[in-house]
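> Listed below are the residues making up each chain.
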Amino acid sequence: MGMRAPTPVRTAAGIEAMKILVIEDDRRMGAYVRKGLEEHGHVVDLAPNGRDGLFLAAGETYDVMIVDRMLPGLDGLGVVKTVRGAGVKTPILFLTTMAGIGDRVEGLEAGGDDYLVKPFAFAELLARINALARRPPMTEVLTIIRVADLEMDLIGRKVKRTGQDIALQPREFRLLEYMMRNAGRVLTRTMLLENVWEFHFDPKTNIVETHMSRLRAKIDKGFETELLETVRGSGYILRVPA
Amino acid sequence: MFQRRLLRTASFRLALLYALLFGISVLLLGAVTFWSTRAALEDQLRRRIEAEMSFLQEEFRSDGIDHLVATVQERTRTPSNLDYFVLDPAGKRLAGDLPMVSGSVGWVRTKSGRDADGKERTESERIEALVSELQGGYRLGVGEDLEQVREIEDTFLTAFASALSVVLLLGIGGGLLLSAGFLRRVETITRTADAIIAGDISRRIERNGSGDDFDRLSATLNAMLDRISGLMENLRQVSTDIAHDLRTPLSRLRQGLEEARWRELTAADYRGVVEHAMEEADAILDTFSALLRIAQIEAGVRCSAFRSVDLSEVMQTVADAYAPTAEESGRTLRIDIAGGVTINGDRDLLVQLFSNLVENALHHTPQGTIVVAQLSEISTTVIAEIADNGSGIPAEERSNVLRRFYRLERSRSTPGSGLGLSMASAIAALHHGTLEIIDNAPGLRAVVRFPSSSRVS
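If you read the sequences in order, they're chains A and B.
Each step along the first sequence adds one to the number in the numbering used here, with nothing skipped, and position 233 is 841.
Each step along the second sequence adds one to the number in the numbering used here, with nothing skipped, and position 427 is 431.
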């Protein structure tokens with residue numbers, strides 16, 4: 609139970625306003641999402657059904673699209689398939705109802721980039737669209753990632769901070785790699801569970817917290833600046849010093 | 005009522021149809037037999053007449069007309085013989101009592117004629133006769149009335165008609181008898197079904213123990229009814245449990261909000277109240293989510309998405325994820341996992357299965373407990389175990405822990421929905437496996453067995 613919405617989140621410095629298309633038929637849900645996103649400085653177009661959404665998606669350029677799975681008429685899957693068929697590469701986040709266990713795979717196969725189960729904490733939605741909108745281009749193959757004085761050698765599986773070797777367990781290494789690749793972005797507990805452990809359910813144990821405190825002890829303890837920070841009510845962030 | 009329904013039964017209609025078809029075929033067979041027998045009899049008669057004719061012609065040729073007349077007269081006296089006539093060229097009867105037929109020569113069939121004594125023949129109307137012209141204008145006729153043939157025909161027809169009626173009677177009677185038997189059995193089933201529709205779900209179809217079709221059908225229907233009432237009972241239980249289990253957090257939620265309305269609260273207090281309310285709401289949503297998931301898993305919707313899953317890797321991942329938490333809570337998580345064990349399944353769900361078992365072992369044991377995750381392969385069965393040496397569960401409670409919402413008294417205070425093990429059990433079942441909770445003396449051992457059919461071939 610990490611996230612409580614809607615806590616205003618101060619995300620990484622220098623967040624740019626994004627243009628976001630929300631396709632959601634539930635009026636209250638749509639208004640809630642629009643209001644929340646606008647409060648965070650984004651520009652939002654809201655489409656109440658798949659047809660209108662498709663029309664907007666074809667005519668305008670968006671940074672991110674948020675698509676409800678269940679829409680009257682043309683459903684979310686159909687919309688995304690059509691959009692992808694037309695060659696639109698805009699990152700897409702699916703909203704699904706809870707416990708639809710096949711939905712995630714179906715959504716990703718249809719061309720979605722991420723999915724979020726309703727009801728969700730707003731901080732979760734925000735963190736996910738931030739992560740989606742600025743995904744590094746897929747073509748780039750990194751061998752070394754650097755964040756501040758932290759350096760990760762992906763081939764040698766080694767981590768150094770200010771030249772000092774840091775020994776990590778394999779899972780800690782994966783956790784840090786994911787955080788470094790998304791440095792400067794808030795990562796929620798659920799995002800970490802999905803991406804680092806591939807857990808697509810909500811464990812009743814503080815797995816993430818325990819691993820995070822161990823990782824923090826290894827990379828931050830004894831160093832002047834703390835890189836790993838907890839964002840209260842949202843998740844974690846690996847700070848990129850200005 | 006019974007009688008009228010009897011006539012409408014499918015079996016009776018079938019029997020009737022069968023009897024009819026049988027009757028028609030008997031009729032056809034009879035007709036063929038009748039005609040061919042008659043033809044054979046007539047043929048025989050003609051040959052006899054022909055033989056007599058040639059004998060008499062021979063007599064005439066060798067010994068003359070007088071001798072012929074004498075022979076015919078003598079033959080006429082014997083009643084069992086054929087009938088004759090001998091006519092002189094003027095047409096006058098010289099001998100014999102065969103009714104005279106018209107002047108034609110050859111085979112003649114006449115319907116009626118006159119006897120030699122001029123009396124109208126009444127007893128036989130049909131006569132078959134052969135007439136030939138002899139030298140000198142004499143005529144010789146040899147014939148026989150068809151009485152005998154007709155008598156045989158009559159006997160045949162009488163016998164045939166009684167046989168046919170016996171056939172039809174037997175067919176219809178048998179059909180009725182058969183249908184009555186069927187109808188009684190069907191009535192038993194119908195009565196039971198009606199009673200069940202009326203609300204008595206405990207009713208079962210009476211069986212006669214014969215092991216015939218109806219008996220087997222009854223057994224199957226009874227088994228189906230047992231299954232349905234089991235499911236209904238289960239559903240009723242679950243609905244009651246859901247209602248009961250959700251009422252507690254919902255009332256807590258309401259209480260908190262109500263209290264906040266009464267009191268003078270600071271902004272910070274309100275925040276606390278809201279956060280608390282959200283925690284409760286999240287817990288309720290979690291419960292719903294878990295219930296829906298279990299329902300979906302039990303419906304078996306994901307089987308089509310099954311692919312080869314490295315179970316060793318799954319258990320390793322789960323153990324890795326929980327080991328630090330276990331350690332921090334003063335427990336130890338050890339592993340003894342055989343490598344390269346794969347089964348056909350859904351990775352996400354299998355991860356959840358073992359996570360639930362590990363969490364169960366970590367949450368419900370005292371500090372200092374050692375939890376062991378073990379994976380082995382014995383011949384074709386894959387056995388995965390999560391065992392602890394904690395305080396265990398009393399034997400009489402062990403079978404209950406897989407039930408939805410079931411929580412031991414002492415666990416009521418710890419967080420959790422009471423659905424973790426039910427979900428684990430549902431996931432195991434989806435993979436054609438079983439989850440068993442057995443005594444580890446001391447502690448508890450959750451054993452998941454995947455049969456060879458789950459194995460990747």
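None of these hints come from the bench; they were simulated from the model.
Don't take every hint at face value.
Covered stretches of chain B, going by a simulated chain A footprint (3 or more residues, C-beta under 8 Å) [claimed, not checked]:
1) 316-330
2) 360-374
Dumping the calculated SDA-like pairs for lysine to any residue here, alpha-carbon to alpha-carbon at most 25 Å [stated by the list, open to error]:
3) A:Lys812 with B:Arg231
4) A:Lys726 with A:Glu647
5) A:Lys812 with B:Asp219
6) A:Lys726 with A:Asn803
7) A:Lys812 with B:Phe292
Here the structure is a predicted model, which is why all the values come from computation and not from measurement.
For every residue, glycine included, the Cβ atom is placed at its ideal position computed from N, Cα and C.
> Work down the list of hints and note, for each, if the structure agrees.
Status of each hint after checking the structure:
| no. | hint | in the structure |
| --- | --- | --- |
| 1 | 316-330 | holds (count 6) |
| 2 | 360-374 | holds (count 3) |
| 3 | A:Lys812 with B:Arg231 | 34 Å, violated |
| 4 | A:Lys726 with A:Glu647 | 20 Å, holds |
| 5 | A:Lys812 with B:Asp219 | 52 Å, violated |
| 6 | A:Lys726 with A:Asn803 | 19 Å, holds |
| 7 | A:Lys812 with B:Phe292 | 15 Å, holds |
Hint violations for this structure: numbers 3 and 5, all remaining hints satisfied.
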